[in-house]
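S.K.: Sequence:
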Amino acid sequence: MSKTSARVASDSSIPTSLSGDFFWQWSRFSELTVEDLYAVVRLREAVFIVEQNCPYPDADGRDPKAWHLLGWVQGSTGRTLVAYARIFEPGVRYDQSSIGRVVTAPDVRGTGVGKALMAEALRRIESLAPGQPIKIAAQRRLEDFYLGLGFRTVSAAYEEDGIIHVDMLR
Numbered sequence: 437m438s439k440t441s442a443r444v445a446s447d448s449s450i451p452t453s454l455s456g457d458f459f460w461q462w463s464r465f466s467e468l469t470v471e472d473l474y475a476v477v478r479l480r481e482a483v484f485i486v487e488q489n490c491p492y493p494d495a496d497g498r499d500p501k502a503w504h505l506l507g508w509v510q511g512s513t514g515r516t517l518v519a520y521a522r523i524f525e526p527g528v529r530y531d532q533s534s535i536g537r538v539v540t541a542p543d544v545r546g547t548g549v550g551k552a553l554m555a556e557a558l559r560r561i562e563s564l565a566p567g568q569p570i571k572i573a574a575q576r577r578l579e580d581f582y583l584g585l586g587f588r589t590v591s592a593a594y595e596e597d598g599i600i601h602v603d604m605l606r
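Under the working numbering, think of the first position of the sequence shown as 437, with each following residue one higher.
Treat the hints with care, since some could be wrong.
To be verified - Label pairs and their computed distance ranges (CB to CB):
| hint | residue 1 | residue 2 | range |
| --- | --- | --- | --- |
| 1 | S512 | L583 | 36 to 46 Å |
| 2 | E471 | L605 | 18 to 28 Å |
| 3 | S512 | D597 | 35 to 45 Å |
| 4 | K551 | E467 | 20 to 30 Å |
| 5 | R576 | S512 | 36 to 46 Å |
| 6 | D597 | F465 | 13 to 23 Å |
| 7 | Q488 | A592 | 39 to 49 Å |
| 8 | E471 | R559 | 20 to 30 Å |
| 9 | D496 | A555 | 23 to 33 Å |
| 10 | K501 | V470 | 18 to 28 Å |
| 11 | S591 | V470 | 35 to 45 Å |
| 12 | S512 | E595 | 38 to 48 Å |
| 13 | F465 | Q510 | 38 to 48 Å |
| 14 | V470 | I600 | 12 to 22 Å |
What the hints assert, rightly or not - Straight line, CA to CA, 25 Å or less: simulated DMTMM-like cross-link-like pairs of lysine to aspartate or glutamate:
| hint | residue 1 | residue 2 |
| --- | --- | --- |
| 15 | K501 | D531 |
| 16 | K501 | E471 |
| 17 | K551 | D603 |
| 18 | K551 | D499 |
Simulated from the structure, these hints should not be mistaken for laboratory data.
Backbone N, C-alpha and C fix where the C-beta goes; we use that ideal spot for every residue, glycine too.
Kindly produce the complete structure, drawing on both the sequences and the hints.
M.R.: Next comes the structure, spelled out in structure tokens:
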């Protein structure tokens, strides 16, 4: 399985207000370059640990088993990672396919990048496991966002790493 990149067409759901060309990169863990991995770790740390004030073990051992979706903006001074998610095929994390570590950079929030990220993740899961259910562990504060993407809540609220979550299925 090789690293794939796809430039997003002008009629995509990515807002034209982003400065630079936006493109997706799909990679297995072993295909990520050192620079790719550093950008992923930096974005996840900035949001999940620093911004959300949640010290937790990000290196959970699951990255080597995941597909990694990176959303880059290519500008005049280089590329910047602005969106990321990791995707698991059925039987890896749960019995169902799964999407996790969904994150967007603070400066692109409210622009539609999060919805585009999830749409791209859902497209990949559908190609890997057509018609199969997808399970996520969503932060409770984002439950409405995921409801809007066709997920439904299937658990009571629970605490994980100091943040309230709910399990959701689609």
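S.K.: Would the hint linking K551 and D499 be met if the CA-CA limit is 25 Å?
M.R.: Holds, because 22 Å separates the two Cα atoms, which is no more than 25 Å.
S.K.: Return holds or violated for the Cβ distance of K501 and V470 against the range 18 to 28 Å.
M.R.: At roughly 20 Å between Cβ atoms, V470 and K501 fall inside 18 to 28 Å, so the hint holds.
S.K.: Can you let me know if the beta-carbon spacing of Q488 and A592 is within 39 to 49 Å?
M.R.: Since the Cβ atoms of Q488 and A592 sit about 22 Å apart, the hinted range of 39 to 49 Å is violated.
S.K.: Between V470 and I600, does the beta-carbon spacing fit 12 to 22 Å?
M.R.: About 35 Å separates the Cβ atoms of V470 and I600, which means 12 to 22 Å is violated.
S.K.: Taking 38 to 48 Å as the stated bounds, is the beta-carbon spacing between F465 and Q510 within them?
M.R.: At roughly 23 Å between Cβ atoms, Q510 and F465 fall outside 38 to 48 Å, so the hint is violated.
S.K.: Looking only at beta-carbon atoms, does the pair R576, S512 fall within the given range of 36 to 46 Å?
M.R.: For R576 and S512 the Cβ distance comes to about 40 Å; the hint holds.
S.K.: Are S512 and E595 spaced within 38 to 48 Å by their CB atoms?
M.R.: holds (44 Å)
S.K.: Is it true that the CA of K501 sits at most 25 Å from the CA of D531?
M.R.: Satisfied, since the Cα-Cα distance of roughly 14 Å is no more than 25 Å.
S.K.: K501 and E471 were given as a pair; does the straight-line alpha-carbon distance stay at or below 25 Å?
M.R.: holds (19 Å)
S.K.: Is the straight-line distance between the alpha-carbon of K551 and that of D603 25 Å or less?
M.R.: Cα-Cα ~19 Å, so holds.
S.K.: Holds or violated: the 18 to 28 Å window for the beta-carbon distance between E471 and L605?
M.R.: violated (35 Å)
S.K.: Starting from the hint 35 to 45 Å, judge whether the C-beta atoms of S591 and V470 obey it.
M.R.: Holds, at about 37 Å.
Checked against the numbered hints given earlier, the structure breaks hints 2, 7, 13 and 14 and satisfies all the rest.
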